[in-house]
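A.B. asks: Below are the chains, spelled out letter by letter.
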Amino acid sequence: MRLIPHFPANVTFQVRPKTILLPDRDRHRRRSGSALVGYKPTALHKSTKQRDGMTNYLVSLIVVTATYALFSLGLNLQWGLTGLINFGHVASMTLGAYTTVLLSAQAVPLPVAVFCGALLAALLGVLIGFFTLRLREDYLSIVTIGVSEVIRLVALNEEWLTRGAFGVQNFPLPLAQFRPTLFSRLVMIGILTLIAIWAIGRVVQWLRQRFQKLNGAIDGTLIGVALLGLGGLWVYWIAATSLYRFSDNPARSGLMLISVVLTAIAFWMLERLAHSPWGRILKAIREDEEVAKALGKDVFWYKQQSLMLGNAIAAVAGSLLAWQLTSVYPSTFEPLTTFYAWIIVVLGGAGNNAGTILGAVILWAYFEVTRFLPNLVQALHSAVPLIPPTIDPAREGAVRLMFIGLLLMLLMMLRPQGILGKKEELTLDR
Amino acid sequence: MSESTQTQAEPADFSAARSENRSLLAASGLVKRFGGLVAVDRATIEVAQGSITGLIGPNGAGKTTLFNLLSNFLRPDAGEVLFDGHPIHRLAPHQVAHQGLVRTFQVARVLSRLSVLENMLLATQRQTGEQFWNVWLRAGQIAREERAERDRAMEILHSVGLAEKAHDYAGGLSGGQRKLLEIGRALMTNPKLILLDEPAAGVNPTLINQICDRILQWNQAGMTFLIIEHNMDVVMSLCDRVWVLAEGRNLAVGKPQEIQTNPQVLEAYLGK
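Top to bottom, those sequences are chains A and B. Each residue of the first sequence is one higher than the one before, starting from 1 at the first, in this note's numbering. Each residue of the second sequence is one higher than the one before, starting from 431 at the first, in this note's numbering.
Treat the hints with care, since some could be wrong.
DSBU-like, lysine-lysine: derived pairs with alpha carbons at most 30 Å apart [unchecked claim]:
1. 422/A <-> 283/A
2. 622/B <-> 423/A
3. 213/A <-> 283/A
4. 213/A <-> 423/A
5. 622/B <-> 595/B
6. 283/A <-> 685/B
7. 283/A <-> 595/B
8. 685/B <-> 213/A
9. 622/B <-> 422/A
10. 422/A <-> 213/A
11. 622/B <-> 685/B
12. 283/A <-> 423/A
Derived from the structure by calculation, the hints contain no laboratory data.
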């Protein structure tokens, strides 16, 4: 047991410059020293190896994007739909990740472990809601950010349970032992194909509506979404290939399918809820809870439900994150993770589930593209010798985050409603 | 405010002022203090079934506070409210609405980023689709209800003249249209009594006439109203009975003509 409590201030000076500025996947990579998570080169031809490397890389990217999309969908329910300002969304992710890995390490079946994590996060929602939902909404944001830090510090200090800063490593991964026959591989590809068809269908439908609304004109958003749809097809092809060659890396391919399926289910569920009378009440609460109250809606209870469901979704995302990192450290769950979700929701357009997924895709595409920042710096150096030839990792992380800030500022100036948000909604007064 | 002398005096007894009809809403001895200020001081009010009852008084008389007490947006410090024979002053605001007592706001409040139609649909009480599990288990019934409610909402929107705005954002409506939407939304709940807080405030004269016509029409169809209003023409033309509130207390009650000539009322409005 740690005698001196581990204050965040300690962490700040020791670790922050190197790790905190980067998303977890990067951190993990640095730690494992390999460019690709768990990727072990096999004795194949070089071209095959490269192709496999690309596939593995993209599959990992699908998993992390889906995880963050799922995580942000929970926040979008709470903030975008209900107007609850949750600055501690990562708390649910922490609970989900730790509950899943600790229970499954005790031979509890994985679905049960995930369910327990979701349940625990929902209970956390009840607890927070009970004490804060009666207060003004700002208090909720203060309490949630506090709670998320408390939970992280508990994970850091209760070493008997979580092994503290050493983290939890050896826990079962879903489908890692699964050796599918050709038939079951085809079934998995079929599931993926159905989701892809559904997604592409929605993109096409959106494009058509947008095209009609613009009276046959074409604008940047239209082209962007269309290109994204095409990119999606390519990603689908990679994902399907990886499922076909499932045995190459069962844990990764399996996790990819699971994360995509879970995100699709959550998206479908939330869309259906948002367009139901239940969702209408949440939107009414977001707009003006006094009106909802006057019209006989139990505002407190609906806010509570929104918190519970959003938290449960975030907890499931936490399980995915744990499986993907194959290790869980308290440092993974710093408040920054919450704000990634906020960036994603704001990018896509608050209250818009499709926008949230788009936001996750854009954020992770950004992270992957800016990975080549050192190369860029080098190229710039050869052109303008004034620029230093290398950039150290700490600065690189800082610069990458700095540009996200810039990106958000530009977005707020040029498109304050988010990418898929509705501009006319901004001009309405209360 | 000469509180020192007046707070000592017992307010006049208005329990004798019962109307001949059965009372739908009967509140007595309502008190609400905000710190040292007694906003509502032993106020009594009665609304007869099927009536249009007015509530008037100078600014700061406590009319809106009384409304908040009746609809339980504020908890009374003392007193009781009987609605349809049942005490409601211990219920939560949404439960009061369930009982059939629905209020509007002095400054019309609409749900801006919802369409006018969605504003209306929200109001329906006890919808199947409001329960989380029913969204999954009883989709068919929800769809049927939504269709029926949509028709009913459009009917009401037609009658308040907002039908062609049904699919616009409610936040884009003008002040007067918002008032109409609020009244329409209150009707959507199928209430027994509607509390209207200044339905004619900030509305142009043509629209005021339209609102008055609607209120009379709905009243003839059996709806009961309690109306706060400063526009005396509206009060005189609509109300069967008028309660006057001054400095949180009952000052007078009677037919509009009686109130108009009541010296106490004139004094409260104009000063000695």
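A.B. asks: Decide, hint by hint, whether the structure agrees.
C.D. replies: Hints versus structure:
no. : hint            : in the structure
1   : 422/A <-> 283/A : holds (15 Å)
2   : 622/B <-> 423/A : violated (40 Å)
3   : 213/A <-> 283/A : holds (25 Å)
4   : 213/A <-> 423/A : holds (13 Å)
5   : 622/B <-> 595/B : holds (27 Å)
6   : 283/A <-> 685/B : violated (43 Å)
7   : 283/A <-> 595/B : holds (20 Å)
8   : 685/B <-> 213/A : violated (57 Å)
9   : 622/B <-> 422/A : violated (38 Å)
10  : 422/A <-> 213/A : holds (12 Å)
11  : 622/B <-> 685/B : holds (22 Å)
12  : 283/A <-> 423/A : holds (17 Å)
In the structure shown, a violation is registered for the earlier hints numbered 2, 6, 8, 9, in ascending order.
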